[in-house]
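From first to last, the protein sequence lines stand for chains B and P.
Under my numbering, read the first sequence as residues 2 to 329, first letter to last.
Under my numbering, read the second sequence as residues 3 to 568, first letter to last.
Hints may be right or wrong, so weigh each one.
[Stated by the list, open to error] Across the chosen pairs, the derived CB separations fall in these ranges:
#	chain 1	residue 1	chain 2	residue 2	range
1	B	A131	P	P238	50 to 60 Å
2	B	A322	P	N123	55 to 65 Å
3	P	A5	B	V190	26 to 36 Å
4	P	E133	B	E205	27 to 37 Å
5	B	L178	P	V131	52 to 62 Å
6	B	P210	P	I203	32 to 42 Å
7	P	E133	B	A131	54 to 64 Å
8	P	V131	B	V190	48 to 58 Å
9	B	A131	P	T101	46 to 56 Å
10	B	A322	P	V131	26 to 36 Å
11	P	I203	B	L179	38 to 48 Å
Simulated from the structure, these hints should not be mistaken for laboratory data.
Backbone N, C-alpha and C define an ideal beta-carbon position, used for all residues, glycine too.
Take a look at the letters that make up each chain.
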Amino acid sequence: MANGPIRPSTSDGTAEQSRSHATTAAAGTRRRVGAFATAAPFTAVVAAVEVAIATAALGVPLSTAPVAVGLVAFSVYAADHVADAEGDVGSTPARAQFALRYGDQLMVAAALSYGLAVALAVGAGPAALALVLVPGAVWVGYATDWLPTVGGLVAPLGDRVPRLGGVSVPRLKDVFLLNSAAVALAWAVAVVAAPLAFARVPVEPAHAPTVALLFAYVAARSFVDVEVPNVRDVAADAAQGVSTLPVVYGVAETRRILFAVDGVAAGLLVALVATDAASGSVVAALAAGLGVSVAVTALADRLDGSTLGVAPDCSYLVAGAVLLALGP
Amino acid sequence: MAALSPLSVALLVAVSVGLAAAILAWRERPEPGATWLAVLLVGQVWWATFLVFELEAATLPAKALWYDVQWVGVVAVPVGWLFFALAYTGYDRYVTPFTVAAVSIVPAATVAVAAAGDPGNLLATERVVRETAVGTFLEVVPGPLYYIIAGYTYLLGAVGSVPLLQLIRDDARPFRGQSAALLVGTAAPWAGSVAYITGAIPIAGLDPTPLVFVVSGVAYLLALSRFRLLTLAPAPRRRARQLVFEQLHDPVFVVGTEGLLVDLNESAAEAFGIDRREAIGKPASSTVPRYDAVRDLADGDDKPRAIPIVGRDGRRPYEATVRDVVDDHDRTSASVITFHDVGAYLGQQQRLSVLNRVFRHDVRTETNLIQGYAEQLCAESSDERAVSVIEESAGRILELSERTRTAGELFDPTQEYASSPLPDVVDEAVADAREIDSGARVEVGRVPEVTVSVVLRVVLENLCSNAIRHNDRASPWVEIDATVADAWVDVTVADDGPGIDPAEYDVLDRGAETPLRHGSGIGLWIVKWGVDHLGGRISFEEREPRGTLVTVSVPVERSGVPGTDR
Chain B
2 MANGPIRPST SDGTAEQSRS HATTAAAGTR RRVGAFATAA PFTAVVAAVE
52 VAIATAALGV PLSTAPVAVG LVAFSVYAAD HVADAEGDVG STPARAQFAL
102 RYGDQLMVAA ALSYGLAVAL AVGAGPAALA LVLVPGAVWV GYATDWLPTV
152 GGLVAPLGDR VPRLGGVSVP RLKDVFLLNS AAVALAWAVA VVAAPLAFAR
202 VPVEPAHAPT VALLFAYVAA RSFVDVEVPN VRDVAADAAQ GVSTLPVVYG
252 VAETRRILFA VDGVAAGLLV ALVATDAASG SVVAALAAGL GVSVAVTALA
302 DRLDGSTLGV APDCSYLVAG AVLLALGP
Chain P
3 MAALSPLSVA LLVAVSVGLA AAILAWRERP EPGATWLAVL LVGQVWWATF
53 LVFELEAATL PAKALWYDVQ WVGVVAVPVG WLFFALAYTG YDRYVTPFTV
103 AAVSIVPAAT VAVAAAGDPG NLLATERVVR ETAVGTFLEV VPGPLYYIIA
153 GYTYLLGAVG SVPLLQLIRD DARPFRGQSA ALLVGTAAPW AGSVAYITGA
203 IPIAGLDPTP LVFVVSGVAY LLALSRFRLL TLAPAPRRRA RQLVFEQLHD
253 PVFVVGTEGL LVDLNESAAE AFGIDRREAI GKPASSTVPR YDAVRDLADG
303 DDKPRAIPIV GRDGRRPYEA TVRDVVDDHD RTSASVITFH DVGAYLGQQQ
353 RLSVLNRVFR HDVRTETNLI QGYAEQLCAE SSDERAVSVI EESAGRILEL
403 SERTRTAGEL FDPTQEYASS PLPDVVDEAV ADAREIDSGA RVEVGRVPEV
453 TVSVVLRVVL ENLCSNAIRH NDRASPWVEI DATVADAWVD VTVADDGPGI
503 DPAEYDVLDR GAETPLRHGS GIGLWIVKWG VDHLGGRISF EEREPRGTLV
553 TVSVPVERSG VPGTDR
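Excised from the complex, chain P in its bound form (with noise of 0.2 Å):
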């Protein structure tokens, strides 16, 4: 065996330590990165591979084939970098067929110029063998393509060097270590290259680069062993934080400090009906829902409360969240406002409320009037009121546990509600109000042509049979009338009735009940459960001369198209 060069010698410990990193990298697809690593690693041996027969061969064409060989290595290392340090760090949507297309019309262009034997001299305008105590190798004189390619070459580098940058300040340490070693790997060979075309090296015309690929081969290794290169990579940080953003639940927004919208989540578009494109940009006053009374949130220090806001699922209760975006100098730079939909929290709690307040008092004071009757009936077992007293009670007891399953039913997140058209839902309710007493008169109006949840008969069952139930007349008048407008359809409930307690409604507008301020049954809390579930709004209004007008609006299902009326 011929003795080598020292030279050769040198890059042969790079060719073995760069090909075990390749391999290892090679190894760890398709983990983020691997296989551009591999590019680039491959593309070290292959330069350094060539650069040995370069130097080992006898005769000037021979050096010059093996030179031109190399070419196709050294395009490859900057190429590999580059896709390698995008993928690596999580920018893979720049990691396409048409960017590497692109990116590699350079490279492909210098690796056809050498093979076609470098017509023009654009590579070198001379190469002559040059001897020297640590190797013979071909010295050349660089030519316009050679300075475009390593012009290029650094380009490639650098840009590929800035996101790696960025993770050397990150707060976890194996993705320091991770980027430490990899910019070392990277900047070895540029030092080197630098060097000899600033002609620093002692041996004129000895290009270092490849030979400092054995510190690369040592780093990129030791990346790949020690702080776990790819098996460990910081890729999906990026995607997993964005897609927190846009996958979650509560509607977001992103407002810079001059109040215009910077970004919003899917949620956010979704919930309230905003086209992302047009809003971006656009004054958070105008796209941002209740956004003074939000902003005034902000500014304070008053407790969380729920702020109604009409969104595409109708009237919800949001609490709202302001974070200001610090930046490295402590600059606010933007708030984020989340809008977390407390609905069904607050419905829960109502709930909770009223059945307690149901047990604790209603049911209580029937019992009560049952066994005490009851105990008279013993005493005299002909008195007919007792027993009229305990069946009415008894069939009070039987009807709140009625709408207690009821009530239990538009709390079930499993029950998923069918629509139906409008029409449909009030002949539900009229029948069934007809059957509580027959002498009743239940006059419909005009009702429009629309869908709408059937939730809305529950509530509308609710308010005739309160109408019917507590009025003192002979003979009641219930009347139901609906309008459409807006994709919001208001249906009235008016009465002839004697009018409810304002304080029973005053209850369902403050939304929680105490042992001294609280309603009677449960009738009217299922038709506020009823609204609020289907997102809509009610109101109470006093008829002259005597009755009540009850107006719940709720909106159009989607589906629903606004028709004839009867």
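This is chain B alone, in the form it adopts within the complex (with noise of 0.2 Å):
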């Protein structure tokens, strides 16, 4: 009966579906706020991780590089999430609202981390200072349009390091592999550059072989991580027109790949141990973390949505769990 009367239900005379509900309001917020805190300050702590991580690795005393790199994570993404708080609705709605509703405190939360980040580095010098300015003269140059064509050269950044100030330059991003390409090698840039910077380390010849290996194996995890989510995502980027390994080379060839490349950052392990460029619970650790990945990337069409999201980052903190477990 569809279009049947309504019934009261009640002796008052009102139907069920005209009276209102208690919302569950308490409920939807706690969902807003753990979605965002399993996005801006869920990377910032990787980022963390991932650069005491490098610390360790590199011989080079701790400094603030990891603090100072985790603020800068957090306040790039949470700028960039509110910025495109709007288009997310669809794809990340929890999250979403929370940015639209909290949108200026957000804001206010990134530029003051921002700031501290880059206090942090002034303290440890005008290398440090320099490195952290790179995401801050990026923002810049998207701003205000000065930079047009930098703009068009970091926009792979767009997917890692996302676009601050809402400005989206769809064009490298676009291009098959040379996107994730690009974002595994900037990451990798500040994971590695950040540590000696910080520490006000200048890296000599006898460090330069830990420095390269490090470094290639940090851009062979993250090319990694950065496709492992397009499995997910592969029907909305082949109904976009983005072309992803998913979208090219379908799910099974996919894991292949990312296997092989998982094989390569292995290699860069065993090279590391061969070389003795860094200690035995350093490469244990990378070690523990490259099993995660490999783990995750064998289950990447069966984790749902969320979990898939995270997961290739919890690596380093499995790994960043064995490091702090056996002493670096």
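Got two chains here, each in a separate frame; can you build the complex from them with the hints?
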């Protein structure tokens, strides 16, 4: 009786559907806060852990680099989530609603976070300051359109280092493979250079193999981390005409390619051990992280969307825990 | 990581707070002042950053290098402050590439001197490393350029504070909060700078200015987030108020207490054909139209009444309002005279009143007539007089209806009337008049070749038609003549009829009918409304030995140039 009369369900004559319902506001807020926490703060923690592992791997003194990189990651991601909140309503509704509701507060938090990161870098010297100012300079370039060419070049950072100021430059970002490769390289530069710059350690010839191997390892692992969530988005990306590994080669082939990249990362670990460029506990930690990565790649098409969004990054948390347990 | 000196730690707080505020300010672009506030804050951050490098550097040359680099931030702060204050408070007309370049000459020269290694010890005559409990910094003995740039900084700071201080007295609470936070943010570094120059700091040689940037940063952050600085900037208010004055449809004059014209808006200049630059400073009696009548209005408490004023669009009725401009000490500093064109309003009032009378009186009379003779026809179907009376009466109703439609068209706000040469307008009116009575003698005198609105045709048609219809002679005579003087054309319509009852045009003069004092028909009203529409005048005279002379004066259309007579 689709069009049948609505029968009052109570003696006061009101029907069930016309009565007010108590909404679960607290639950909704918790969900949005939870969704946000798994975004910018989570990425910040992962970035900090990555830099801490790199610090141990490079054998340089512990500095404020992990904190500074974590703060930069938080500010970049938080600002991006605010800027793209309306566009993200479809893909990540809870996070987008949080960003829409608390946009101004998030921007103040992002600005303070970046200001604190720069202050830490200033305390660490000119090299650290230059490194930390790069995202800020990119943001100025994006926000003012002074540097459209540079804007195009840094566009691939749109995935892992998101579009600051809400300006989306779809050129390189849409170029097959190049986008993920550029993001991986940018991430590797930040993770490997930050510990050196913040500890004011110059790269000496003796350290060069360690730096190069670690750089290659982080780049390879970051590439896998960027491509794994694309398995989840294969249908949406194909519909939008975005070329990713799963879209072009299919899920099974993508898994094989990512296994191969993880294989390269494993080879780099072997090289680290062979050249005695890193301590055993560091290699063990990196190997543990690599193991998690392989497992996530293997399960890529079976994990649900939200899990797949954070699972690759969890490999660094596992690696960090192992390193903490074994001692550097 | 080497331990930082206490001074450096304090400066890092200033860096983080200042940079956060700079990012938030930059994000607000293109809001008024956003870019310049970001420049100011980045200048502060720059200064503090390189002071940290100076403090942490180990050698004198290294400290000297970072000291020189600081000058970029030092000179950016006052420039950013000045242009921020101007743009934010709506004085953006002073923020031009030229003024920015001019104001930046001294700062740029200072940076150039610092970059060149301070030749001639212009900035510092002596530099020594001073070790203190709070940090190891470079103590400088200021050179002449140092004092110049310091004085220049104070000057720019003071100039920028003036418009912001005005806001503190503003009625709007958010603007008061904003400007108070901004002034605190600016006063703190000034206080530090003054303390340094006067030697009031316990640690000799330490310039505490960058340290108090912590206070500035927090104040600016508060202003940005709490008082919605930039998202709720007062800048548009000045422009909006100016815009209202300039774009107001009503002509407005501002007359000073000495009776001299202080200002007038575009509408006043346009409506009354006044050259603004020429008029300002002249006596109001020679510039403000009907100034005597307006001043009387201000003195008395009469009801507002329309004052007819001849402007560019001819003669229009205006209601004038006079308001005093009173300053904070309750002193009258000027009067604002606003003219409101009530022509359309008066016309609509008259139209309603006349149409009311037409329905209530004229149509009713004719209908009674038709009804009476129709009853007579029922009783005696062969009564030809009754038929004739009914026909005539119905014809009059029809004519009344046609004229009512013509009158309606005169009040259509969407209607735009074309212009036409006066001889053509007269010819068309004459042709219509001749159709009414083929025996009528309609003569046309001298008609100059000027351009007039085609509304004049409606006026002349009605005048001619009245002159012929109400003429009691077998062969009515009408003559149309015209002369041009001072961009006005006087068109006269003379006839040899019995004359118009003075009561008819008295009603037109008064502008309103009453149940006891009203005109007949609607023709003369159409003539009046047409003339009003054209911004003209109409006058009635009796002719000797009999007849009437009606003179219609209307402005020549601006494109029309008096040419040859025909």
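Tell me, which hint numbers fail for this structure? Failing hints, ascending: 1, 6, 7, 8, 9, 10, 11.
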